[in-house]
Each structure stands twice: as structure tokens, then as C-alpha cells.
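There are 2 protein chains.
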Amino acid sequence: MNDSSRHSGKLFIFSGPSGAGKGTICSRLLAESDPERIALSISMTTREPRTGEIDGKSYYFVTREQFRQKVKEGGFLEHAEVYGNYYGTPKDRVLEQLEQGRDVILEIDIQGALKVKEAYPDGIFVFILPPSMAVLRKRLTGRGTDSMETINMRLSKTLSELSYIEEYDYCVVNGDLDEAVKRVKSIVIAEHSRVTENIQELLEQYKEEE
Amino acid sequence: MNDSSRHSGKLFIFSGPSGAGKGTICSRLLAESDPERIALSISMTTREPRTGEIDGKSYYFVTREQFRQKVKEGGFLEHAEVYGNYYGTPKDRVLEQLEQGRDVILEIDIQGALKVKEAYPDGIFVFILPPSMAVLRKRLTGRGTDSMETINMRLSKTLSELSYIEEYDYCVVNGDLDEAVKRVKSIVIAEHSRVTENIQELLEQYKEEE
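Same order as they appear, the protein sequences are chains D and H.
If you read the first sequence in my numbering, its first letter stands for residue 1, the second for the next number, and so on.
If you read the second sequence in my numbering, its first letter stands for residue 1, the second for the next number, and so on.
Isolated chain D (complex conformation) (with noise of 0.2 Å):
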């Protein structure tokens, strides 16, 4: 009787501009975690499988016709269409999990968690900042797969982007990342004393004993 909400996942929700280090903690908090507390959401793509990925653990891959047919089925917690192909968070196996008590983890960019929020809004939104954009433009060059014009287009959205911060429930400034890991790690446990609807399951508990 030691967690109040054991009966049922939570969706967390790890979004951010790129280069923010969001994937660097979803990593860390995962590896960090009971697997059978907390999983990772997988998402499902038309593209073509590259070398060393795995059907069903980097994406799943599906045609275009059975992405469409899933998204006109509602099946996607969100969808969206880059560079010609098709990426989606299939609904049912993140509820799947939810219903087996395991938490998801989804890392997503932010137009796509606004989608999530408008179709989970029990999900626990975490927005994940760089400490300063000076920082973020370090990044963003470090990688040396973008153009300056690229990161300069980059910089400017996420400057706009900012301003969806307040549809999170929280923020966590990736500057050191240990104390960002500490950070999300916290967010999780404490989420899990929230008290809430299922709290009464348990005074019942108490009440049946004595």
C-alpha cells in the first residue's frame, strides 16, 4: 500500500525545442527506471526502416494505407506529416500500457505534445529548456549537421514556441544533466502521491480494518 495510484499508469509527456537535451533525459530517466514501471512510447512511421532498427522497438513500420486507415480510425494520440512521411503515437498500445499500470514516457516536439494534450489531457506535460539560448545555439552548431541558416530558422521557432510553456504542468532547465535527470526523476515519484480520484479506494482500506 505504498503508492496511491498504483492501480493505473501516467503519461508523461517530455517536449521541448530541439537540442533542449530532451531525448538525453528520456534516455537517462528510462535506464534509471524499473522497466516494468515505465516504458518508452513507440512511435509509428511510414518511412523506411534504416539500417539496425528494429520493427516494434525504434519505430513501428507501416504503409501508408495502414497509417491512414489508423488515422481515420482515431487511433493516433497525435500524427503529423514530416518531409513526406507519416509519424504518429498509436493510441491503444500507449493505453495498453497505462491500463497495466506501467507509466509512458512520450518525447515529443511541441506542436505534437499540444496535440497529445488536447487528446490526454491527464497526461503530465514537462517542458524541457536549454539554460539559455546562447547554450542552445552552442548545441544546435555542436551537432554540425545544420546549416546557420537552419539553426538561425531553428532558434527563431523556438523563441516563438516559448510561449506554450504555460500549457505544461512543469518546466526543467537542462543545464547540468544530472540535476535535470534528479529533476523528472522527482516529478514522476511526486505525481505518483498526488492525491486523486482513487484515493478513496484506498481510505476504504482503512475503514474495512478497523
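Be aware that one or more of the hints could be misleading.
What the hints assert, rightly or not - Computed list of lysine-lysine pairs in DSBU-like fashion (alpha-carbon distance at most 35 Å, straight line): (1) D/185 / H/185; (2) H/207 / D/138; (3) D/157 / D/207; (4) D/91 / H/57; (5) H/115 / H/10; (6) H/57 / D/182; (7) H/57 / H/182.
Since the hints were made in silico from the structure, they are not lab data.
Start from chain D and add chain H according to the hints.
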């Protein structure tokens, strides 16, 4: 820029039935935290100091007249009379610490917590629960200070007070003390990561930078 709410502290109210272990949990939380960041609220009382008790540390000791004057001025977050003595939580001391950016811990019974909630709804209310009524009975009996009659009265009071749990934000079951302390610490960290009104200030810094 590691903490979006570094400008003002937060008031944490730890409350629950007698024997749930809220005192032990608060002591551990304080002992394991930076004293610059978190402080215990010290009560004011009209009772005589006992040997070893220090004014301003154990309690603020005042006369009945001083106490009544403070009540009249609305100077308490809550106050109560117990066995002919007055006890209260001085509002000015708490607010002073919060303004200095320090969190304040308030360890208080359920009736007191409900009064604090009226006076300071921004507080974070944590209900400490014993793992079961059987364990609570054992703890109260083990103290050896109360008669069977008193213990039975306490247990029945506990059962009726459990319904107030819905007024609280969090609920921590104190079965394993280490686990309970970890949860309480996580709640403190998580609350400091919440998206609050002063997030705007943080965002302005990002915008000014670019």
C-alpha cells in the same frame, strides 16, 4: 537559471493523524536539506518552556496577552487552544522566510492544516498516512504514553479525519521511512519545477538574450 521559482519560497504543510510519523519525516527532510533553502516554521505558545527548550528555536514563548493581541491583529496562519494553552503559527515569520526565497515546513495536525489552507491556499498540502490502521495502533501502543481508551479515541478520530485527505495535494504512505522521505523530497523538488506565474520572467530572459 536552474529554478523557475527561485525568487520566492514555498510553504509545505505536512499533516496527518497522530502516529503517522510526520514529525520524523519532517526532521529527516530538514536534516537532509540545505538550511539556506528550507526552514521549519516555529510555533508561538503561551505554555511554560520546559527544561532545555529555547525561545525562538523550540517555540516562541509569549504571554496570553501578547498571544491574544496577535490573534486580534490577524497575525496567525492558524491557532488553537490545547489543554488551556494557546498555540499558533505566526504569519509574519512564515511570510518573511518565503520572501527571502526559503521554503517553509509546517508540521501540523489535520484541523490546523485546514485552517492554514484557508489563510494560505498557495501552500502545498501533504497528508502523511500510516501504512494501515493496525500499524498505527501498534505505534500508538508502543509509545506507552497513552491509555487504551485514549488510543481507541485517537484511532476513531483518525478514521473520521481521513475524509479530509481530498483537501490535500499529496498523500504519502509512511510504511518504509526511507521511501516516505524520498517521496517527500521529490515533492519539494517537483513543486519547484512547476510552471508558475513567474515563468514569464524566465522567458523574458531568453528573449532578451537573442
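| query | What hints, given by number in increasing order, does this structure fail? | reply | 3, 4
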